[in-house]
Structures are given as C-alpha cells and as structure tokens.
Amino acid sequence: MKRQRIVLDTSVLISAVLFGGPPRDVLERVINGAVDCSLSFAILDETREVLRRPKFGFSPEQSFQLIEELHAVCDVIDPAASIEAVVADPADNMILECALESKADFVVSGDHHLLDLGVFRGIQIVTPSDYLKTIEQQSDFPQQLLQTE
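Per the numbering used here, the sequence shown runs over residues 1 to 149.
Just so you know, these hints were derived from the structure itself, not from any lab.
Built from N, CA and C at the ideal position, the CB exists for glycine as well.
Don't take each hint at face value.
Computed list of lysine to aspartate or glutamate pairs in EDC-like fashion (alpha-carbon distance at most 20 Å, straight line) [said to hold, decoys possible]:
(1) LYS2 x ASP105
(2) LYS133 x ASP105
(3) LYS133 x ASP111
(4) LYS133 x ASP36
(5) LYS103 x ASP36
(6) LYS2 x GLU136
(7) LYS2 x GLU101
(8) LYS103 x GLU84
(9) LYS133 x ASP25
(10) LYS2 x GLU28
(11) LYS2 x ASP75
(12) LYS103 x ASP78
(13) LYS133 x ASP116
(14) LYS55 x ASP45
(15) LYS133 x GLU28
(16) LYS2 x ASP36
(17) LYS103 x GLU61
Have a look at the derived ranges for each label pair, beta carbon to beta carbon [as the list claims (entries may be wrong)]:
(18) LEU115 x GLU136: 16 to 22 Å
(19) PHE56 x GLN137: 30 to 36 Å
(20) LYS103 x GLY20: 28 to 34 Å
All chains should be built: construct the whole structure from the sequences, respecting the hints.
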C-alpha cells in the first residue's frame, strides 16, 4: 500500500510550530516518515513571512532555519499550473496548485475557504483533527480484519 501524500497549508504549519495539538501531530507524522508531504516554494515563502510578523517574534534567522527544516522533510515543488478555484481568497489557490502537482491524497488545512470545498479534483480537504482520525481508522483496519477471522 502506498503512503499517503499530503499538503499542509500555512495555517497548519504555523499552528504546528507555535501551538502544538493536532497540527503538530500531523507534522510529526511527516517528520517521522509515516506520510509524505509536499509543499511549494510559495507555501514556504508565505510561512516564512507569517513567522516574521511581530506577533510571532521569529527573527529572520529563526524563520529561515524553520523553512530549511521543512524543506528537508517535505518534497518542495514548483507547480506548473495555475488554479482559480478559491475566488474569496485567491492566495489559497497555491495550496490547491501544490496538491494537484504533487498528486496529493489530502490537503490538511485550517482555512475555511479550502475546507468549504471539501474535495477538489479528487483531493480531500480536511482539518488536522479529521486527518488524524482518517489515518487512525485506516491503520486500525487490518487489525479489525484479523480480529473478525
């Protein structure tokens, strides 16, 4: 069975780093190699810029280091196609572009513009909590099968 490929949006990356909880649990699965993750240069750029906002207090060096660490554990791509699916917030389209280019199974997002889509061209768009539930159910499946035999 092939490993799942996910795309994390900027809000999930920021939450994982700063606040923990389900976003961090998802990122830890990426770091541990349990799931594959793709990010685009645009997602990394936006993440770096958000971290450098005064309210988060990351220095340019700290934000650069974090981006380097993400680059080391994720496949970084430069999507060829432009998407215009999210009219209310066109910046969110970069997440969908990355997901399509990388043939992702899931977009893991905290952004309601993306979550409202639910599915985009066969790619499920879910919250970090829902993604964790999905992979836990999938990993339980073989054990449940064995128990019923």
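Evaluated hints:
1. LYS2 x ASP105: Between LYS2 and ASP105 the Cα gap is close to 11 Å, so the pair holds against 20 Å.
2. LYS133 x ASP105: holds, 15 Å
3. LYS133 x ASP111: holds, 18 Å
4. LYS133 x ASP36: Holds: LYS133 and ASP36 sit about 17 Å apart, inside 20 Å.
5. LYS103 x ASP36: Given that 20 Å is the threshold and the Cα spacing comes to 11 Å, the pair holds.
6. LYS2 x GLU136: Between LYS2 and GLU136 the Cα gap is close to 16 Å, so the pair holds against 20 Å.
7. LYS2 x GLU101: Roughly 18 Å separates the two Cα atoms, so the pair holds.
8. LYS103 x GLU84: Roughly 18 Å between the alpha carbons, so the hint for LYS103 and GLU84 holds.
9. LYS133 x ASP25: holds, 11 Å
10. LYS2 x GLU28: With Cα atoms ~19 Å apart, LYS2 and GLU28 stay inside 20 Å; holds.
11. LYS2 x ASP75: holds, 16 Å
12. LYS103 x ASP78: Roughly 13 Å separates the two Cα atoms, so the pair holds.
13. LYS133 x ASP116: Holds, at roughly 19 Å.
14. LYS55 x ASP45: Holds - the C-alpha atoms of ASP45 and LYS55 are around 18 Å apart, at most 20 Å.
15. LYS133 x GLU28: Given pair LYS133, GLU28 holds - Cα atoms ~15 Å apart, limit 20 Å.
16. LYS2 x ASP36: Within the cut-off at roughly 10 Å; holds.
17. LYS103 x GLU61: violated, 32 Å
18. LEU115 x GLU136: 16 to 22 Å: 20 Å Cβ-Cβ, so the 16 to 22 Å window holds.
19. PHE56 x GLN137: 30 to 36 Å: This hint holds: roughly 34 Å between Cβ atoms.
20. LYS103 x GLY20: 28 to 34 Å: holds, 29 Å
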